[in-house]
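Visitor: Residue-level listing of the chains:
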Amino acid sequence: MQALLHQIFSGIATGGIYASVALALVMIYQATHHVNFAQGEMATFSTYIALTLIEAGLPYWIAFVITVAISFVIGVVIERVLMRPMTEAPVLSSVGVFIGLLLIFNSVTGWIFTYTVKAFPSPFPETSRFLGGWASPHEAGATAVTLIVLALVYVFFRFTKLGLAMRAAAFNPVSSRLVGIHVGWMLALGWGLAAAIGAIAGMMVAPIVFLDPGMMSGILLYAFAGALLGGIDNALGAVIGGFAVGVIENLAGAYLVGAELKLTLALIIILAVLILKPAGLFGRAIVSRV
Amino acid sequence: MSAARRPILPVILALGLAVALAFLVSDYRLFQLTMVLAYAIAILGLDMLIGYTGQISLGHGAFYAVGAYTAAILMANFDVPYWATLPIAALICAGFGFAFGFPALRLGGLYLALATFALAIAVPQLLKYKAFEAWTGGVQGIVISKPDPPFGLKLSQDQWLYLFTLMVTVVLFLLARNLLRGRIGLAMRAVRDHALAAEAMGVDIALLKTRTFALSAMYTGIAGALGAIAVQFVAPDSFSVLVSITLFVGLVVGGITSLAGAVFGAIFIVFLPNIAENISKAAPGAIYGVILIAFLYLLPMGFAGLRRRVARPGATAQPPAQALTPSPGTPSPGKSAAEIRIKSG
Amino acid sequence: MPALLEVAALSAFYGETEVLHGIDFAVAAGGVTALLGANGAGKTTTLRAICGMVRARGEIVFDGEAIAGRATEAIARRGIGHVPDGRGTFLELSVEENLRLGAISRGDRGVGDDIERMFGYFPKLRERLRQQAGTLSGGEQQMLAIARALLLRPKLLLLDEPSFGLAPLIVTEMFAILARINREERMSMLIVEQNANLALALADHAYLLETGRIMMSGAAAEMRENAAIRHSYLGY
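Residue numbers (my numbering), protein chains in the order written: chain A, 1 to 290; chain B, 1001 to 1345; chain C, 2001 to 2236.
Think of the hints as simulated: they come from the structure by calculation, not from any bench. Treat the hints with care, since some could be wrong.
[Claimed, not checked] Beta-carbon label-pair distances, calculated as ranges:
hint : chain 1 : residue 1 : chain 2 : residue 2 : range
1    : C       : Gln2132   : B       : Ala1294   : 42 to 48 Å
2    : C       : Gln2132   : B       : Val1139   : 25 to 31 Å
3    : A       : Ile268    : B       : Glu1133   : 17 to 23 Å
4    : C       : Gly2134   : B       : Leu1196   : 23 to 29 Å
5    : B       : Leu1196   : A       : Ile268    : 30 to 36 Å
6    : A       : Thr116    : B       : Val1080   : 52 to 58 Å
7    : C       : Asp2024   : B       : Tyr1297   : 52 to 58 Å
8    : A       : Met1      : B       : Pro1103   : 34 to 40 Å
9    : C       : Gly2069   : A       : Ala119    : 51 to 57 Å
10   : A       : Ala56     : B       : Val1080   : 39 to 45 Å
11   : B       : Ala1206   : C       : Arg2180   : 54 to 60 Å
12   : A       : Ile148    : B       : Leu1175   : 56 to 62 Å
13   : A       : Ala56     : B       : Leu1175   : 56 to 62 Å
14   : B       : Phe1151   : A       : Leu276    : 27 to 33 Å
[To be verified] Below, simulated EDC-like cross-link-like pairs (lysine to aspartate or glutamate); rule was C-alpha separation at most 16 Å, straight line:
hint : chain 1 : residue 1 : chain 2 : residue 2
15   : C       : Lys2155   : C       : Glu2006
16   : C       : Lys2124   : C       : Glu2173
17   : B       : Lys1146   : B       : Asp1237
18   : B       : Lys1128   : A       : Asp212
19   : A       : Lys161    : C       : Glu2097
20   : A       : Lys277    : A       : Asp212
21   : C       : Lys2124   : C       : Asp2085
22   : B       : Lys1130   : A       : Glu260
23   : C       : Lys2155   : C       : Glu2184
24   : C       : Lys2155   : C       : Asp2063
25   : C       : Lys2155   : C       : Glu2185
26   : C       : Lys2155   : C       : Asp2114
27   : C       : Lys2155   : C       : Glu2065
28   : A       : Lys161    : C       : Asp2108
29   : B       : Lys1130   : B       : Asp1027
30   : B       : Lys1281   : A       : Glu126
31   : B       : Lys1128   : B       : Asp1027
32   : A       : Lys161    : C       : Glu2096
[Claimed, not checked] One-sided and incomplete, this derived list gives chain C residues near chain A with beta-carbon spacing under 8 Å:
hint : residue
33   : Arg2077
34   : His2082
35   : Leu2093
36   : Leu2101
All values derive from a computational prediction rather than experimental measurement. Glycine included, each C-beta is placed from N, C-alpha and C at the ideal position.
Modelling step: build the complete structure from the supplied sequences, incorporating the hints.
Guide: Here's what the structure looks like:
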């Protein structure tokens, strides 16, 4: 029982990471109907920035904030420079550009920070008296951070004027322009936010999986699975989906397929959702079935 | 697409040059050229899917890997001669392609890209899986030996393998050319440009797409087998997602819906890393990325399009990218449907 | 009356095709101007051209300032509210959010009061406040679109076929409300309509558009009496 609870809680902790990345993916998907294949690589790059800042002697949380800010700016710049001309582009071009971005981020990360696997510090204590062994302090802390981030994102979109403008721009850019919303900047802000959320996910997962340039590729896969499971046009659904696949992954890894086939499990979830319920559990059925 | 006769002469000259190269360059260069041919076949396979049918796969490295492992396992464990592994790899990959394509192709563009991308990421893990270890050799992989030239021909192993691969390539390209220019190719393009119209004209879209996927996987699988024989080694980590991405880059850079483009793309992905690795281990990826994006913005028809543009200045190359998914709302002329009517009538 | 909007030699294009061939017209401050014409005459395109939504050439002077070539959002912020073709509802958002979006580019604090005032014109919207806007009926969505455009506090309201697809009773009610808004808020309007009868009753000036050219213009009352117009557009 203890072991099962531990697996479930671990699943929730990693699920939070997947949920964050899934949310980042969905934010960009809702606004542009593009899937950012480079989301994982961007997050890895951000995590290296954080490590560099920490190694330079900055306190963890200051490095954390600076990293989030830098990632935000990177996201905005990418949208303004690369994605803007892609608004009306066909799927092949947009997929190609995202793959190009993935390659660039992956290589530049390896180039600057080398390909050696590095340890990444956790801001949370090594042991804790409170958690009674069914969760590590880092898992608990990372889950808390994730939940805070998700709550902030929710409050931002639900209750602020800017959040409303961003949602409007994503749903209906033409009408948004007619009420005076700078739609282009809303998309750029969305990219910035997505990059910032990805960066936080990267910093939270790095102490668990260690840091190397390919760190996020498996996580991105699970985030895809989570986003599709919840419905790729539904932010809340994607978050729930992310947590769900985290738990599924951990339980299946412990009791069913073993750790060796975790990625395959993600592939199976993706295929199963696409085939059985393409709109996801909470999405609207708008998948183009050609 | 209008049946403009391509001059046959440049093709013959290129073939002559390709044969002559076997006797002109070093064994190492011949190995590279063999890889060019293998990748050209793989890219051609990918092009059938992406270029002609408009379905994006980011996971063809999986079929390349299946082809490679098929050849290696057959040669190492069952003493099957290298040439006989090709049809078997072709069959197995076609089967995999059909099985994967059957469900996957019901999904629209982006979702297929996603599913195949997931497949590509999962491949190395599957190859390492313990249950298959007796055959796949697990993390260690399989070492195979290079074939000797037959009939006591006085050729080096590399010369022979290059010429053998060249023969296979020529046959596969000829087959593809006839197929893509014929009725089936027309139906594929019709599905790409106007799925509804194609369906109305009696094309069974699902079946056509699935068969195309199988055919595409088959070509890529044969390429994988040839590649494995040339490299003499297969291991899970050589079949990371990067193989799929590299093939995709080669296709876009070479130019989609172009047989010659597949060769250009293959040359690009074989020789660019050689040059770029002098700068840094990371350089090839970064340069791939930059060039990929640059091509999508500046030269959506790839090298092949550049060649056409130079050959016929003023002729605006229709960017195939636009043909892939006509954006909703912009009525595009029902060209392909009209073409079908003309050809069949 | 001074002209609030002056348009000269306006041409507009869809891709390479020119669909407006250099038209001139004006909207008087505080007045209602109608653009009449059959389907495909270029009425909607004219409104889109004013708002920078299509490629256009020519002069557009709004409130003493040349706005041709500006971005759509800049033109909206300058004071042109547009009730677009198809109503432009934010279907996924609530009615309240749709209304708040109308005022989103305003910096002032009077939004709450303005929304209250809109309920005065369109009481149905108050009942539907929490509902998802996509669930509203066509007439309700049209009212929502007008309220949304008014919440921008524009100087000029562009209305694109507000009667389209609505039941006659609702259309009559809506045009009465539009007349009230014009009167009570001194709101200048440029209205595009196929239903010339209705539009001419509301408008004080009208232009007749045919395949991208202005064929006729004059006071609304005179246009109503014009035999050609009566014959072609009013049906009696």
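Visitor: Under the constraints set out in the numbered hints, which ones does this structure not fulfil?
Guide: Result: hints 2, 6, 7, 10, 14, 17, 18, 20, 21, 29, 30, 31 break, sorted rising.
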